[in-house]
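Visitor: What follows is each chain in one-letter form.
There are 2 protein chains.
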Amino acid sequence: MTQQASLAALHERIAAVNDVLNATSLLTWDSRTMMPAGGAETRGQQIATLTRIARDLLLAPETEKALVEAERAVEGLAADAAERRMVEQTRYAVEHHRRVPASLIQERASLRTVAQAAWIEGRSKSDFSIFAPHLEKTVKLSRSYANCIGWTEHPYDAMVSIYEPGETAASLKALFSELRNGLLPILDAARSQPRPRSDFLFRDYPEEGQRAFGLTLAEKLGYDFKRGRLDTTVHPFEVSFTRNDVRITTRYNRNYLPASMFGTAHEVGHALYEQGVDPAYTRTTLATDLVGLYAVGGTSFGAHESQSRLWENHVVRSLTFWQRHFSDLQRHFPDQLGDVTAEEFYRAVTRVEPGFIRVEADELTYDFHIMLRAEIECALMDGSLPVSDLPEAWNAAIRRDLGLTVPNDAQGVLQDVHWSTGYIGSFPTYTIGNVMGAQVMETLRRQNPSLDPAIEAGNYAALADELRTKIWQHGRRFTREELLVRETGRGLDPAPYLAYLRGKYA
Amino acid sequence: MTQQASLAALHERIAAVNDVLNATSLLTWDSRTMMPAGGAETRGQQIATLTRIARDLLLAPETEKALVEAERAVEGLAADAAERRMVEQTRYAVEHHRRVPASLIQERASLRTVAQAAWIEGRSKSDFSIFAPHLEKTVKLSRSYANCIGWTEHPYDAMVSIYEPGETAASLKALFSELRNGLLPILDAARSQPRPRSDFLFRDYPEEGQRAFGLTLAEKLGYDFKRGRLDTTVHPFEVSFTRNDVRITTRYNRNYLPASMFGTAHEVGHALYEQGVDPAYTRTTLATDLVGLYAVGGTSFGAHESQSRLWENHVVRSLTFWQRHFSDLQRHFPDQLGDVTAEEFYRAVTRVEPGFIRVEADELTYDFHIMLRAEIECALMDGSLPVSDLPEAWNAAIRRDLGLTVPNDAQGVLQDVHWSTGYIGSFPTYTIGNVMGAQVMETLRRQNPSLDPAIEAGNYAALADELRTKIWQHGRRFTREELLVRETGRGLDPAPYLAYLRGKYA
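Listed in order, the protein sequences are those of chains Y and V. For any residue, its number in my numbering is found by taking its place in the first sequence, counting from 1, and adding 965. For any residue, its number in my numbering is found by taking its place in the second sequence, counting from 1, and adding 965.
These are computed hints drawn from the structure, not numbers from a lab. None of these values were measured; they are calculated from a predicted model. Treat the hints loosely; a few may be bogus.
All copies of an identical chain are treated as equivalent in the list; a pair is satisfied when it fits inside any one copy or across any two copies.
With a straight-line Cα cutoff of 20 Å, these simulated EDC-like cross-link-like pairs (lysine to aspartate or glutamate) come out [stated by the list, open to error]:
id, residue 1, residue 2
1, Lys1138, Asp1347
2, Lys1191, Glu1006
3, Lys1138, Asp1458
4, Lys1185, Asp1430
5, Lys1191, Asp995
6, Lys1090, Glu1357
7, Lys1469, Glu1034
8, Lys1469, Glu1452
Build the full structure now, drawing on both the sequences and the hints.
Guide: The structure is reproduced here in structure tokens:
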């Protein structure tokens, strides 16, 4: 049998898994954008069934047979050959799922339903005690989960590896320590500067104009609407159903202009990654997270976030961008922005204002919110922090890092949905994205002297071409760390990120 | 083991099949309403995979085991007990699918892709010869399919039974003969009457006003928007993802007002059926077409069509409806309808005008379009009509029945999408729907003297309550014929339909 033929059976199995997971993603997208309220209950059952089927397909004897055959076929290939990587990643995922009993998956799914309801109630009443017993269970089940998957140094390692393969409690601790030491003086310097005017951001901006500007913004950055669409949701997100259909959402705050435009730029960054994956990887392991059971082309949560933050912050939240495009925005809002200059607008959207809420945080304080959560997750997993002490630990960290006093649990420990969904371990990937984005951008700028002039001239295709070649097209073939070493010559390094923030804010 | 416990395993298996089929329906709905063009290819693969998975789940050894267990458990139950029906229908579907080899399904799916492309090209060039070879293959594969399923008298029987269990080539021939004899004199009488004015239907009706009126119309008829939504598509349709999420679409023709409003009323009729299925049947065999592999609560295509035609024609296309609601419509279009009375509007939307196109046909000529297609399908299946003779046979029938000369294939034999999708056998269900709708309506009116006064007073809930009790709630528990016998005392009978048309048009 030829190598091609030996791999065909496995490809077919994985293509079916990918199809099922894309259907699952559509069930979710629809539930957040289009579904009438009545559909909630049966929709939850449909999503659960399809996720279970994807896992069953992966663990079926036919997959094992095809996998063994494929493993033999790729033996002679280079270590990073695409075909070999597909086979190895499938084996890794199969072994991962084999270690987790169906009963534990069922327990986690059941917990999710009640935990989310309790979190919603707890947050609305600003009372952590309502959510606490469910979080206790979440921690307990997460520990069981980590023990099934296996870990050496710290149970958190097992959870983090699902979202960001290669990272551990120890590696994050080192990263965060360096980051914290670098960030604090920048934050101090920024806070000592006079506050810019920002009154005009809070004027009345009808949704229609925001949407029109957002659409041209997305197009300018290179988002392909023939393979995508932009909808409105409470919480913006990006989701792909293969590279041929990559959708984004945003929200419009009528009295705060930046929310929709930077949100759109952020989701466009995610979408460009997915739209840029090599077409040859469509419906293969290299465009499917077989461990997380999620149809996605980006190689890790952190790598994905690096692209969204790069376009949001390095491109759109820059002085050159607004020097070039502020007049476009003014054309949409002549009354609201008639008395504002491009420079004033840039100062306003980069003002530093420590606050309680992560999703509203500026670039300079955002990582403190993340590091706090990662530390807490780590301590919950190893038992050094009891759930009952969580609000106190949270509030102390906000006081220590940002000098603020948290007024209540709703604006503190209960603000994020993540833990109520049974997930522990994804928060660090936001900061990894910030660090990676800056590191990639710094290297591209250094390697390609014509890049900055192109960006300044409004030619964003130049940057997209670089990123497509170096990151997007590879899909999940290389790990995040491999991508970084290939393109920047070293692993994750916070120095370029700190240098970028210093230059922008200090 | 209790009976409940003996059935639980089967219920769980079927619930998963239902979940998968609902996801398949969402993939389809999305592809027709929301999906960007780029998604077409991979979407097709996703739909194919999920349909295959549904079939695999149904034919899996675990299902057989649960089914045998369940068959034992329901042995003592009444013949029409819901639990017994679930088990029997599941067995029937399992045996049906066992008879069809996967290779034939694959062949039909492959054909569909090329046949649809050829049909689109053929229709745009008005050249039947482009589509003909693919239709030959479709007929050939349909014969193989019929032979797998099995038939006694006519191969068409096997195909029709998929859409309308109980009907055969012979039963349809008898029905159509009676219908044709009844319809011709009514059509003659209608054509001899003076033509009413209808100029105002073709004025400029902006979409916004049409949509606003359509939404209130749907609500008036009892469509529950908390469990539904109305979108815009080229070809209107209704689709359900359990009774909790039943969506409809319509189209807006700016220069022809009736299209959107009667289209909406039609789809609302379908939707009311699905929204009215007993909640206890959700995710069971009684809300799943396990033979057609389609998540639907209505018991047959004909029964479904009976509800859409009943609301469209008996309720909305009636003089009393417009006497009551024409002023609402005028409020949306004061300039366009200022010089029109309710009676004039009613006369215009019930004018009889034989034409070439089925979907544009009036109530009186519609069934001729259907009978023609059913006759052709029948003759194609038994080989008495070669595909090459099809245009001639088509044009002769249109001349015979409607006195019109078909100008070209695009307006003749190539007008419908059905055959290009590989489906033969569904056309008769449209006429069965017309006949059943009138039969049900006649009985309800006779049995419940307060029904017509309620409808005249604009209280459509009275009619909905009757239909919910007698038809909708039963889902797929009873066959179409059983429903008719239970509620009208006899099987399908064209007399009430002919009487209704005579009263309205002759």
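Visitor: Pop the pair lysine 1191 and aspartate 995 into one bin, within, between, both or neither, using alpha-carbon distances up to 20 Å.
Guide: both (19 Å within a copy, 15 Å between copies)
Visitor: Within a copy, between copies, both or neither: which one fits lysine 1138 and aspartate 1458 at a CA-CA cutoff of 20 Å?
Guide: within (13 Å within a copy, 79 Å between copies)
Visitor: My question is about lysine 1469 and glutamate 1034: at a cut-off of 20 Å on alpha-carbon distance, are they close within one copy, between copies, both, or neither?
Guide: neither (54 Å within a copy, 71 Å between copies)
Visitor: Checking an output row: lysine 1090 and glutamate 1357, CA cutoff 20 Å. Within, between, both or neither?
Guide: within (18 Å within a copy, 74 Å between copies)
Visitor: Under a CA distance limit of 20 Å, which applies to lysine 1469 and glutamate 1452: within one copy, between copies, both, or neither?
Guide: Intra 24 Å, inter 77 Å, cutoff 20 Å: neither.
Visitor: Give the relationship of lysine 1191 and glutamate 1006 under a CA distance limit of 20 Å: within one copy only, between copies only, both, or neither.
Guide: between (32 Å within a copy, 13 Å between copies)
Visitor: Have a look at lysine 1138 and aspartate 1347 and pick one of within, between, both or neither, based on CA distance no larger than 20 Å.
Guide: Within one copy only: 14 Å inside a chain, 76 Å across chains, cut-off 20 Å.
Visitor: Treating 20 Å as the Cα threshold, decide for lysine 1185 and aspartate 1430: within, between, both or neither.
Guide: within (14 Å within a copy, 55 Å between copies)
Taken one by one, the earlier hints fail for this structure at numbers 7 and 8, listed in ascending order.
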